[in-house]
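*Asks:* Residue-level listing of the chains:
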Amino acid sequence: MSVTVQLKEMSLSLNDVEILKPISATLQSGRLHAITGPNGAGKSSFLKCLLGLMPHKGQIKRHWPDKNRGVAYVPQQLAFEPSLPITIEEYLTTTLTSKALFFKRVSSVRSQVEVLLERVGLEGKEHLRLGQLSGGERQRLMFAQALGQKRHLWCVDEPMTGLDVTAQALITQELLSLRAQGVTLLVVHHDPDWVSDYADEVWSINGGLVGHQVNLHAMGTMRLKTPKVMNRNQEVVA
Amino acid sequence: MEFIRQWVFSLYEIGVLPSMFQYAFLTNALVAGLLIGPLLGALGPLVIVKRLAFFSEAVGHGALTGVALGILLGEPATQPFVALFCFCILFAMLLHWIKSRTDIPYDALVGVFLSFAIALGAALILYVAKKVNVHILENVLFGSILTVKDMDIWVLLLITAVSAVLIIKGANRALLASLSPDLARVRGVNIRLYDYIFILLIALVTVASVKVVGAILVGALLLIPATSARMISRNGREFFAYSVLFSTLSCILGILLPMAGALPIPSGAAIVMIASVGFVLSLIIRRWRVIQ
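The listed protein sequences derive, respectively, from chains A and B. Under the UniProt record's numbering, the letters of the first sequence match residues 1 to 238, in that order. Under the UniProt record's numbering, the letters of the second sequence match residues 1 to 292, in that order.
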């Protein structure tokens, strides 16, 4: 395990209102760091500061060998305009290649899209418009776009929002597999059961870092533990 | 350009084309239309996705002031390109700059700029109308196929080439930046740079389209074909393809039909009216699909 990101006195103020008090912390590779806290505590803001999406004070030091393999981001459910004629396949393609979407797609990109959709359980839905997706399907799509990149650090904002039990198991499995590959995971999650089962470290945030707990149970058992995979009838199949 | 005119004339002489094709100005206008149509059609879907329809309309109306300023500063009344381009760029950049630094709702901000552009343009146009033939002003504002010269076509060709490269290279990133801005930023897309490039493109196509479509109606041609295409497209590729098709057809028919019917209609007005007919047809097709 090595240090991936070091935060030194990272804080956030908007319009002279302090959203996050200075936070110092370390993220390590191959570990799942969970961020918990009540609504409005600043969990998503914390994530966005780390991603450089919000103006913050303090230092964020990144330590990864390959600069091209930066950060993957899974945002909380995005809203798409219902009548916009952009399909799931096209959306994923825009994240994989710079070749304009109105040209014929090369077969390697097409098969890459198929694999990504299969990994998040959206196979056969590639021709659906973005606006036709349910909340859970949008969440899976966000996960699929992140899977398309090979990144050192994953920042995931409420990944289970709107997901059914099967999809939750699928996404959890993908997160654990990433952790096993040495990826650093930072997951905002509000479910205490999920956090205690799978997180290696738990950071409680409420206007600043108010608690830090190393989850020994998860560290000792997690790499052997796999979530239950259920079929469409909610029967356990693995 | 001369070889195209000669070729079209020879087709008229052997009876392949009707008599209106004996006029060189019609060939010039058609060549311009064949460049403007695909250009505006390809840019339209991005305008829709980025929700900049009202913005492009405002820049088009800003052209009114640009034209008047050009004439006031001594540019030829039929080709006030420099002032037109500079004013459109300045107008669009200032609008976007204020948008990015305040929390004023975008539609309200564009409304303020649009009203100001029309007011300033109207005041200056009435002033310069005393100095030049009012028909020249009409041509610049609403388009005229009679005024397209070789120089205009070369300018148009250059702008089309630059725009095509920018659209082909940046379409995917611009789309991602419009649909998921945070995601695009994390992936290293410079959203601000893409916004300014897009504004540059809008200003460029406004200048490029002045001769045929007219400064006032350029915004409409960016918007109507793309909106029609959006209604009947099942995916992004169709969206772009139909938009280019509708825009190009509107330009060609808008040039040819008034000429064939000897109707005294400015080409810009005819083009936008035909684009509107396409919009109605798209509505009908969409409704028919729902019933099916």
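No lab work stands behind these hints, which were simulated from the structure alone. The beta carbon of each residue, even a glycine, is placed where N, CA and C say it ideally should be. Treat each hint with caution, since some may be false.
Each computed DSSO-like pair below joins lysine-lysine, with the alpha-carbon atoms no more than 30 Å apart [said to hold, decoys possible]:
#	chain 1	residue 1	chain 2	residue 2
1	A	K104	B	K99
2	B	K149	A	K150
3	A	K104	B	K169
4	B	K169	A	K99
5	A	K125	B	K169
6	A	K57	B	K169
7	A	K125	A	K150
8	B	K50	A	K150
Selected chain A positions facing chain B (Cβ under 10 Å, derived; list incomplete) [to be verified]:
#	residue
9	S13
10	P55
11	W64
12	I86
13	T94
14	A100
15	S107
16	S108
17	R129
18	L130
19	W194
20	V210
*Asks:* Closer than 10 Å between Cβ atoms is the bar; does S108 (chain A) clear it against chain B? Give me holds or violated.
*Replies:* Since chain B brings no Cβ nearer than about 16 Å to S108 (chain A), farther than 10 Å, the hint is violated.
*Asks:* Can the hint on I86 (chain A) be confirmed by a CB-to-CB distance to chain B that is less than 10 Å?
*Replies:* 5 Å, holds
*Asks:* Straight-line Cα separation of K125 (chain A) and K150 (chain A) no greater than 30 Å?
*Replies:* Roughly 24 Å between the alpha carbons, so the hint for K125 (chain A) and K150 (chain A) holds.
*Asks:* At a threshold of 10 Å, is the proposed contact between W64 (chain A) and chain B supported by beta-carbon distances?
*Replies:* Constraint on W64 (chain A) not satisfied, violated at 15 Å.
*Asks:* Is the straight-line distance between the alpha-carbon of K169 (chain B) and that of K99 (chain A) 30 Å or less?
*Replies:* Holds. K169 (chain B) to K99 (chain A) sits at ~7 Å (cutoff 30 Å).
*Asks:* With the threshold set at 30 Å, check whether the alpha-carbon distance from K125 (chain A) to K169 (chain B) stays at or below it.
*Replies:* 28 Å, holds
*Asks:* Hint check: K104 (chain A) vs K99 (chain B), CA-CA at most 30 Å. Holds or violated?
*Replies:* 36 Å, violated
*Asks:* For the hint on P55 (chain A), does the least C-beta distance to chain B fall short of 10 Å?
*Replies:* 13 Å, violated
*Asks:* Take the C-alpha atoms of K57 (chain A) and K169 (chain B), compute the straight-line distance between them, and say whether it is at most 30 Å.
*Replies:* The hint is violated at about 35 Å.
*Asks:* Given T94 (chain A) was flagged as interface, is its beta-carbon under 10 Å from a beta-carbon of chain B?
*Replies:* Holds. Min distance 4 Å.
*Asks:* Under the criterion that the straight-line Cα-Cα distance not exceed 30 Å, is the pair K149 (chain B), K150 (chain A) satisfied?
*Replies:* 54 Å, violated
*Asks:* Mind checking the CB of R129 (chain A) against every CB in chain B and telling me if the closest is under 10 Å?
*Replies:* At about 8 Å, which falls below the 10 Å cut-off, the nearest Cβ of chain B leaves the hint on R129 (chain A) intact, so it holds.
Checked against the numbered hints given earlier, the structure breaks hints 1, 2, 6, 9, 10, 11, 15, 16, 19, 20 and satisfies all the rest.
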